[in-house]
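Peer 1: So the sequences go chain by chain: A and B.
All residue numbers for the first sequence refer to this note's numbering, where the first residue is 1 and numbers rise by one.
All residue numbers for the second sequence refer to this note's numbering, where the first residue is 1 and numbers rise by one.
Each statement offered as a hint is correct.
PhoX-like cross-link-like pairs, simulated, lysine-lysine; straight-line CA separation at most 25 Å:
1. B/K98 with A/K78
2. B/K69 with B/K98
3. B/K98 with B/K70
4. B/K98 with B/K26
5. B/K26 with B/K69
6. B/K56 with B/K26
7. A/K24 with B/K98
8. A/K68 with B/K98
Ranges of calculated distance between the beta carbons of each label pair, as one might list FRET restraints:
9. B/S39 with A/P8: 18 to 26 Å
10. A/P8 with B/K69: 40 to 48 Å
11. A/G28 with B/Y95: 19 to 27 Å
12. A/T38 with B/R54: 29 to 37 Å
13. B/S39 with A/I5: 16 to 24 Å
Negatives, chain A to chain B, calculated, CB over 12 Å:
14. E18
15. G28
16. F65
17. N71
18. R85
Please keep in mind that the hints were generated in silico from the structure rather than gathered at the bench.
Quick reminder that beta carbons are idealized off the backbone N, C-alpha and C, glycines included.
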Amino acid sequence: DAGVIQSPRHEVTEMGQEVTLRCKPISGHNSLFWYRQTMMRGLELLIYFNNNVPIDDSGMPEDRFSAKMPNASFSTLKIQPSEPRDSAVYFCASSPGLNTIYFGEGSWLTVV
Amino acid sequence: SQQGEEDPQALSIQEGENATMNCSYKTSINNLQWYRQNSGRGLVHLILIRSNEREKHSGRLRVTLDTSKKSSSLLITASRAADTASYFCATVREYGNKLVFGAGTILRVKS
Chain A
1 DAGVIQSPRH EVTEMGQEVT LRCKPISGHN SLFWYRQTMM RGLELLIYFN NNVPIDDSGM
61 PEDRFSAKMP NASFSTLKIQ PSEPRDSAVY FCASSPGLNT IYFGEGSWLT VV
Chain B
1 SQQGEEDPQA LSIQEGENAT MNCSYKTSIN NLQWYRQNSG RGLVHLILIR SNEREKHSGR
61 LRVTLDTSKK SSSLLITASR AADTASYFCA TVREYGNKLV FGAGTILRVK S
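Turn these sequences into a full structure, and let the hints steer you where they fit.
Peer 2: In structure tokens form, the structure reads like this:
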């Protein structure tokens, strides 16, 4: 199994630009999570999906953030417009339940 | 919001020594998990302990859970330089449906 695949691995963008992060979960996993990791705030759960349906988006910081899961094998996290304080590592993770979560390698976002 | 709080925040030991990290949490849980994160990488699941379990072993890892004190500890025995990483506890609340991570402990094992 290839694991959770995220793209891009690194992105540097200018403030105000739209950023789209992509994730392919492990086949057969019915839960998908987006986390954000920063030094100041640690690892924060932004949103999670179960069977492609958003279950809890209470961690999404503001309306500039949106996430979609159009099918079981693909999800996106979009930031529009991006701001410097959005600079972080964004992790996608998937799980067949809540006993073990499998993380991707992360998308390192820098907004200048 | 973070459910788990690890301590110490950072730990530096010599190769061969044991490393103990602690995690405290606030609400009743269904299970508690420990993850490792190597620098620049994603998190990797190490071990899960359920609320009705008190101790669990996996190789050089030993995890304890004290639900009365709402705390857990992770012991790594005979540490190796390759154990250098950040370690996070994460909890699933009782009747909860998501995994919430603590701030992590940075472990450095010197060779």
